[in-house]
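Protein chains in written order, with my numbering: chain A, 6 to 258; chain B, 18 to 310.
Each hint can be trusted.
To be clear about the criterion: a stretch of chain B counts as covered by chain A if any three or more of its residues have a C-beta under 8 Å from a C-beta of chain A, and this derived list gives those stretches:
1) 184 to 190
2) 196 to 204
3) 207 to 215
Simulated from the structure, these hints should not be mistaken for laboratory data. Every residue gets a Cβ at the ideal spot worked out from N, C-alpha and C, and that includes glycine.
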Amino acid sequence: MDNNIRIEVKDVNFYYGKKSALQNVSMDIKKNKITAIIGPSGCGKSTLIRLFNRMNELIPNTKMEGTINLDGENIYSSKIDVVEVRRQIGMVFQKPNPFPKSIFENVAYGLRVNGIKDKKYIREKVEKSLKNAAIWEEVKNRLFDNALGLSGGQQQRLCIARALAVEPEVLLMDEPCSALDPTSTRKIEELVLDLKKKYTIVIVTHNMQQAARIADYTAFFMMGDLIEYDITDKIFTKPSKKVTEDYITGRFG
Amino acid sequence: MIKKEKIYKYLFASLAFASLVFLVGITIVLFKEGLPIFKEVGFFEFLGGKYWYPTYEPADFGILPLVLGSFAVTGGALFICVPLGVGSALYINEIASQRQKTILKPLIEILAGVPSIVYGFFGMVVVAPFLQKALGLPVGQTAFTGSLMLGIMATPTVCSISEDALSFVPKSFRYASFATGANRWQTLTKVIIPSAGSGISTAIILGMSRAVGETMTVLMVTGGAAVIPHTLFQPVRTMTATIAAEMGETVLGSSHYHALFAIGLILFFITLVFNIIAELISRRFRIKLGLGR
Chain A
6 MDNNIRIEVK DVNFYYGKKS ALQNVSMDIK KNKITAIIGP SGCGKSTLIR LFNRMNELIP
66 NTKMEGTINL DGENIYSSKI DVVEVRRQIG MVFQKPNPFP KSIFENVAYG LRVNGIKDKK
126 YIREKVEKSL KNAAIWEEVK NRLFDNALGL SGGQQQRLCI ARALAVEPEV LLMDEPCSAL
186 DPTSTRKIEE LVLDLKKKYT IVIVTHNMQQ AARIADYTAF FMMGDLIEYD ITDKIFTKPS
246 KKVTEDYITG RFG
Chain B
18 MIKKEKIYKY LFASLAFASL VFLVGITIVL FKEGLPIFKE VGFFEFLGGK YWYPTYEPAD
78 FGILPLVLGS FAVTGGALFI CVPLGVGSAL YINEIASQRQ KTILKPLIEI LAGVPSIVYG
138 FFGMVVVAPF LQKALGLPVG QTAFTGSLML GIMATPTVCS ISEDALSFVP KSFRYASFAT
198 GANRWQTLTK VIIPSAGSGI STAIILGMSR AVGETMTVLM VTGGAAVIPH TLFQPVRTMT
258 ATIAAEMGET VLGSSHYHAL FAIGLILFFI TLVFNIIAEL ISRRFRIKLG LGR
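The following block holds chain A by itself, in its conformation from the complex:
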């Protein structure tokens, strides 16, 4: 198989109760690239990335068909430990959701739940993760303050640090900037561009300029169908489908 593929989605269908949310989706997510997923509300973007770390299983009454491979291995196989999948695939949510704990403990959380006890290691890892998430300078003097005292943008970068601390291979971001102001958004975008050196990033976004600015590949979804998936430049300059063009030129959505 192609060594540059990290996640392979094959013939995936997904249902909330009887309602279909994704139909026959197949796509490959490339290693160390940023893949943006765009489309109108309710098109299945968030649903799709929640399938990548099996968060869909926390919602009752849902059904998934098809396979999703991470580095060639089906993460939905019965032999796979879901906790292990979630450790390898980190996630950042739409609204910043730090725990009501200290900044330090938020980042250390993933290490602790994975059984790491070495205090020195945890301290170093927390510092490194906060640096990687470009928030270290702002919080280094108040690591033991409650994380809820940070601004929205800082909270979101803290959540990124929390996800990075367990060294995932893939980072899923579900509209990470939708609750943030333009300055914080710019910071997160710069950060994401920097992170792709080490991680494979899948980002769901409502903001088409954001996709155009940072993504290498862009997938356009509508009503649960993958309409078009290509290099970002091509999607935004010469889309092959009429609906894609209508959407990106703002004719609907």
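Following the hints, position chain B against chain A.
Only chain B this time, still in chain A's reference frame:
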């Protein structure tokens, strides 16, 4: 039209303030009828006295045995209602299916609606003889029997308030925890319970305040001996049971009468303190989770 609106405004305002009037009224009466005892017995002598012989000549008005009786029964009740109440709240909130939830929660709340006399009756006729036999005690009516009954009575309070606290924990905390590779148990113990912690403490304190103030059941099942308890397995008499049992036989305006009111006054302060603490903690809880005041 304007006049009519004013009438409504004052009507509802007076309804809203009615409970305040009752509270003030009760407080005034408690003070007026309770304070005179301290002309005869010093406050600390009253609170710390080891003997309660209100009808002897001269009488002894020491309520320490009653206070300790109340605390023994309430403390024992905590050991029953905290695991039962918090445990069932965790089950209902975290593990139970939607179907189980819709059956379990109302069922537990029905427990709260059972009249206390029924608990007392059940405790006296079924539980006390059973405990006497099973544990080989000289009498079945003990502090422990009272704790058991009160514990069961306070369980619905603890359960339903804890369950509310757990359901106030934002779902996003749970998602964040799972997404970092935590399992269910870790998510529960490291994120959900600490986040709901002060809400659960509030539940426990309110359960305690319910147990301290309960009268009928303890009167029926704890044996009524006004002596300082050394174990949970001996008869005790609580503050509430003392008032209930003796008020009918005392002479209006006598020292005994004033002493009973003073006990009521102290009980009133104990439950007031519990409720204030519970309110403070739950306020902090709502602020901590960003739910506002």
